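Following the hints, put chain H in place on chain W, whose structure we already have.
So the protein sequences, as listed, match chains W and H. Heads up: the first sequence begins at -9 in the numbering used here, then just goes up one per residue. Heads up: the second sequence begins at -9 in the numbering used here, then just goes up one per residue.
Warning: the hint list may mix true and false statements.
Pairs count within a copy or across copies, as identical chains cannot be separated in the list.
Heads up, simulated DSSO-like pairs for lysine-lysine below, C-alpha to C-alpha not over 30 Å straight-line [stated by the list, open to error]:
| # | residue 1 | residue 2 |
| --- | --- | --- |
| 1 | LYS173 | LYS259 |
| 2 | LYS244 | LYS44 |
| 3 | LYS111 | LYS(-5) |
| 4 | LYS141 | LYS259 |
| 5 | LYS14 | LYS141 |
| 6 | LYS378 | LYS328 |
| 7 | LYS362 | LYS99 |
| 8 | LYS59 | LYS141 |
| 9 | LYS59 | LYS363 |
| 10 | LYS14 | LYS336 |
| 11 | LYS(-7) | LYS225 |
| 12 | LYS75 | LYS(-7) |
| 13 | LYS336 | LYS259 |
| 14 | LYS258 | LYS75 |
| 15 | LYS80 | LYS(-7) |
| 16 | LYS209 | LYS336 |
Honestly, the hints are just simulated from the structure, not real lab data. Since we're looking at a predicted model, the values are computed, not measured.
2 protein chains.
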Amino acid sequence: MKKVKVGIIGFGTVGSGVADCLLKNGDVIERRSGVRLELAKIADLDIKTDRGVKVAPGVLTTDADQLIKEVDVVVELVGGTTIAKEFILKALKAGKPVVTANKALLAEKGNELFAAAEKSKSDIYYEASVAGGIPIIKALREGLAGNRINKIYGILNGTCNYILTRMERENINFAPVLKEAQKLGYAEANPSLDVDGFDTAHKAAILASLAYGEWFGMKPIHVEGISNITLMDIKYASDLGYKIKLLAVIKQEKDDVQIRVHPALVPKKALLANINEVFNGVMVNGDYVGDALFYGRGAGRNATASAVVADLLDVGLNLQFGSHRRVPAFRIGPQYRKLTPMDNIKTRYYLRMEVKDNPGVVAKIATILGNKKINISSVIQHESPSKKSVPLIFLTDTAVEKSIKSAIAQIEKLSEVNQKVNLIRIEDI
Amino acid sequence: MKKVKVGIIGFGTVGSGVADCLLKNGDVIERRSGVRLELAKIADLDIKTDRGVKVAPGVLTTDADQLIKEVDVVVELVGGTTIAKEFILKALKAGKPVVTANKALLAEKGNELFAAAEKSKSDIYYEASVAGGIPIIKALREGLAGNRINKIYGILNGTCNYILTRMERENINFAPVLKEAQKLGYAEANPSLDVDGFDTAHKAAILASLAYGEWFGMKPIHVEGISNITLMDIKYASDLGYKIKLLAVIKQEKDDVQIRVHPALVPKKALLANINEVFNGVMVNGDYVGDALFYGRGAGRNATASAVVADLLDVGLNLQFGSHRRVPAFRIGPQYRKLTPMDNIKTRYYLRMEVKDNPGVVAKIATILGNKKINISSVIQHESPSKKSVPLIFLTDTAVEKSIKSAIAQIEKLSEVNQKVNLIRIEDI
Chain W
-9 MKKVKVGIIG FGTVGSGVAD CLLKNGDVIE RRSGVRLELA KIADLDIKTD RGVKVAPGVL
51 TTDADQLIKE VDVVVELVGG TTIAKEFILK ALKAGKPVVT ANKALLAEKG NELFAAAEKS
111 KSDIYYEASV AGGIPIIKAL REGLAGNRIN KIYGILNGTC NYILTRMERE NINFAPVLKE
171 AQKLGYAEAN PSLDVDGFDT AHKAAILASL AYGEWFGMKP IHVEGISNIT LMDIKYASDL
231 GYKIKLLAVI KQEKDDVQIR VHPALVPKKA LLANINEVFN GVMVNGDYVG DALFYGRGAG
291 RNATASAVVA DLLDVGLNLQ FGSHRRVPAF RIGPQYRKLT PMDNIKTRYY LRMEVKDNPG
351 VVAKIATILG NKKINISSVI QHESPSKKSV PLIFLTDTAV EKSIKSAIAQ IEKLSEVNQK
411 VNLIRIEDI
Chain H
-9 MKKVKVGIIG FGTVGSGVAD CLLKNGDVIE RRSGVRLELA KIADLDIKTD RGVKVAPGVL
51 TTDADQLIKE VDVVVELVGG TTIAKEFILK ALKAGKPVVT ANKALLAEKG NELFAAAEKS
111 KSDIYYEASV AGGIPIIKAL REGLAGNRIN KIYGILNGTC NYILTRMERE NINFAPVLKE
171 AQKLGYAEAN PSLDVDGFDT AHKAAILASL AYGEWFGMKP IHVEGISNIT LMDIKYASDL
231 GYKIKLLAVI KQEKDDVQIR VHPALVPKKA LLANINEVFN GVMVNGDYVG DALFYGRGAG
291 RNATASAVVA DLLDVGLNLQ FGSHRRVPAF RIGPQYRKLT PMDNIKTRYY LRMEVKDNPG
351 VVAKIATILG NKKINISSVI QHESPSKKSV PLIFLTDTAV EKSIKSAIAQ IEKLSEVNQK
411 VNLIRIEDI
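Chain W with its partners taken away, still in its complex shape:
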């Protein structure tokens, strides 16, 4: 029976969850796999604060370098893209496999880390970097490996999904819900990483890379957040049969791939539309499997620990069987032609504008859209108590992004249009 000495760098929320899981479920894991994952060391600058996990004497240390020397596998849970990277590179250089949940670091510097892992003939596993406890990385790399991936739709950020769910259910605007989410610990003091879509984009970059065989990084990803979504949009979307979700959209069309993160109208009857609160969901469409959906907690101490421990088991099995790099961290092998620039994507659109309630305004806007060959599939204009300004909503058929953008520029120049046009893409999942 092989014992695998696990060292955790970073004794924060997730670190304490991993320690707790290893201590509580080590016996089950061993019975299931034949591998004993032993919590050998935990390094943190603060080893005084009680994290609610009772570790054996000598496990806690402030010396991460010593930890790397002593253990069989290093779990990086420091976060950030500087010191975390140093720890990972040091571990790999020492020939120690690494498990990490660090999506930002992977998305931005994955290539560098993977090269280091290859050089040292070692492994990096990162199941916890996307969608928390959901084993979606393993699914893409192994369980669905026989498929060409047509599409991936992901709800990948619990904070945004929580905010959108509460706005919809309780009829509250974005700003007050965000404030409450911050109070409850569901949103950071500086919420930009979440609400502006960057966290989702980090995860989208990882999923897209696994699906299409090139480590894309953040550059090719179009990113929009949810801060422009109003209660009015949520209500109109609902009237039209849709919910609004922050989506990662990864799509192959005619061999070209698009990667984008933005709010989207999703048909209410789609399973993805019914993923609420802090939960995550990933819908993968493969050419053989068809639609497959994976759902679960996308963050939090225990769910993330579940994913880290699954990776530790893979590392443990590799150590036991000498099968390092059996499924390497990343294997380059592009399966697409080129990236589609955002201007060239085709989808349906929801456009909301505030217009003066003059006769002929709908006709003027419809003419602009028509001239760009954009078909209108629905229009909503309700009677308004104030006759100064009424909301006007168009849903379009499939159109090219640059045509929509240029139509919007013309529409916004009309004297009858009071504000900027709010554009939300529609994904008919």
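Showing chain H alone in chain W's frame:
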């Protein structure tokens, strides 16, 4: 680069799907994994019929024994529990790893097959045996391996789910929907395996075994099918906020495990209630991951092929890395105390009965339930045009199965009760 010679025994629907997938996606699989899965041989008694897959000359054979000799891995897609078992045992004896989708054989004779695999130091993979293309076996054995499993709820039979979905949506009774499902090829001429719950039970046996470390077989499973579900039940359930699904319920309570297959009322807002038509869904609750749900096509040529090919990749990697039995077919290691007899399970119940519309009948029935310490949470009795007989529906709070059964026996003896009581369990997922 390692070439893995794949031999398929059984060139039916799934066999042709696997051949097709290997031919079309072999290049992608190789770029992703470094493993070349080569379609080397296909054995079938009928090698004349065109299956729509163009294989190279010499691939087709009627000689399965010769196939076993020539290939690196044997895919058993013959089905049934007799000849299929012989082929698998022959392959293992020859030291060849096996991939199979044969849930009936696994559920009933798994122990025998696993012993043979252990003896020959070889592998059996069976992802396709449960929930078609959904990588749920890999999830339970690897992706969620850090968890103690609290519960698994599964919609595991596409035929039943299709029938229940159409009954609900189109207001048609069981018998005519079944007839149409048979016409469309969604149900077999002899539908018993599906509609009586046995296919679901085979899959439940496999999931429960993986979750709790003992190969249970079919014996401990309580099995009921959907043929007693009436349109009336579906409507009343809907009025009460539920849908009716054929569920596999695998639950650990106080270290004891229960495995049962029966129709159940599921709250409409639960994701599982929204899994419709031929789709499958498996909800796993683990002590760290919390709720995780896996959704996809549970059957069919291509989805099943996706799962078989994923297994072939695992076999291929094992051959390349010499890591046979890295995750063996099954590892005994019980993680429960004992099986809960059906009489002792506790859940909520839906009871529908036809009663004479006499004064006092509700009171009589309520008294019987009360005497058994069964709390009533809802009663529905609508006015009836015919005063001879009215339907009466009770929902109960959590009660013990044997108390409910004995209450029903008493209720059925009442002169005011015209028919047998229809009992459906409620699962508040």
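Hint check results:
Taking the shortest Cα distances, LYS173 and LYS259 sit within 30 Å of each other only across copies (27 Å), while inside one copy they are farther apart (32 Å). Taking the shortest Cα distances, LYS244 and LYS44 sit within 30 Å of each other only across copies (24 Å), while inside one copy they are farther apart (55 Å). In the homo-oligomer, the alpha carbons of LYS111 and LYS(-5) lie at most 30 Å apart both inside one protomer (19 Å) and across protomers (27 Å), since each shortest distance falls under that limit. In this homomeric assembly, LYS141 and LYS259 come within 30 Å of each other (Cα to Cα) both inside a single copy, at 19 Å, and across copies, at 26 Å.
Taking the shortest Cα distances, LYS14 and LYS141 sit within 30 Å of each other only across copies (18 Å), while inside one copy they are farther apart (38 Å). In this homomeric assembly, LYS378 and LYS328 never come within 30 Å of each other (Cα to Cα): the closest approach is 48 Å inside a single copy and 72 Å across copies. Proximity of LYS362 to LYS99 under the C-alpha cut-off of 30 Å is found in neither arrangement, the shortest distances being 41 Å within a copy and 65 Å between copies. For the homomeric pair LYS59 and LYS141, neither the shortest alpha-carbon distance inside one copy (42 Å) nor that between copies (40 Å) is at most 30 Å.
Taking CA atoms no more than 30 Å apart as the test, LYS59 paired with LYS363 passes in neither setting, with 64 Å inside one copy and 62 Å between copies. In the homo-oligomer, the alpha carbons of LYS14 and LYS336 lie at most 30 Å apart only across protomers (27 Å), although the nearest pairing inside one protomer, at 50 Å, exceeds that limit. Proximity of LYS(-7) to LYS225 under the C-alpha cut-off of 30 Å is found in neither arrangement, the shortest distances being 56 Å within a copy and 56 Å between copies. Taking CA atoms no more than 30 Å apart as the test, LYS75 paired with LYS(-7) passes inside one copy only; the shortest distance there is 27 Å, against 36 Å between copies.
Within a single copy, LYS336 and LYS259 get their C-alpha atoms as close as 22 Å, which meets the 30 Å cut-off; across copies the closest is 33 Å, which misses it. When the C-alpha separation of LYS258 and LYS75 is checked against a cutoff of 30 Å, the pair qualifies neither within a copy, at 41 Å, nor between copies, at 46 Å. Taking CA atoms no more than 30 Å apart as the test, LYS80 paired with LYS(-7) passes inside one copy only; the shortest distance there is 22 Å, against 35 Å between copies. Taking identical chains as interchangeable, the C-alpha atoms of LYS209 and LYS336 lie at most 30 Å apart only when both belong to the same chain, with a minimum of 20 Å there against 55 Å between chains.
Hint check: violations occur at hints 6, 7, 8, 9, 11, 14; the rest are consistent with the structure.
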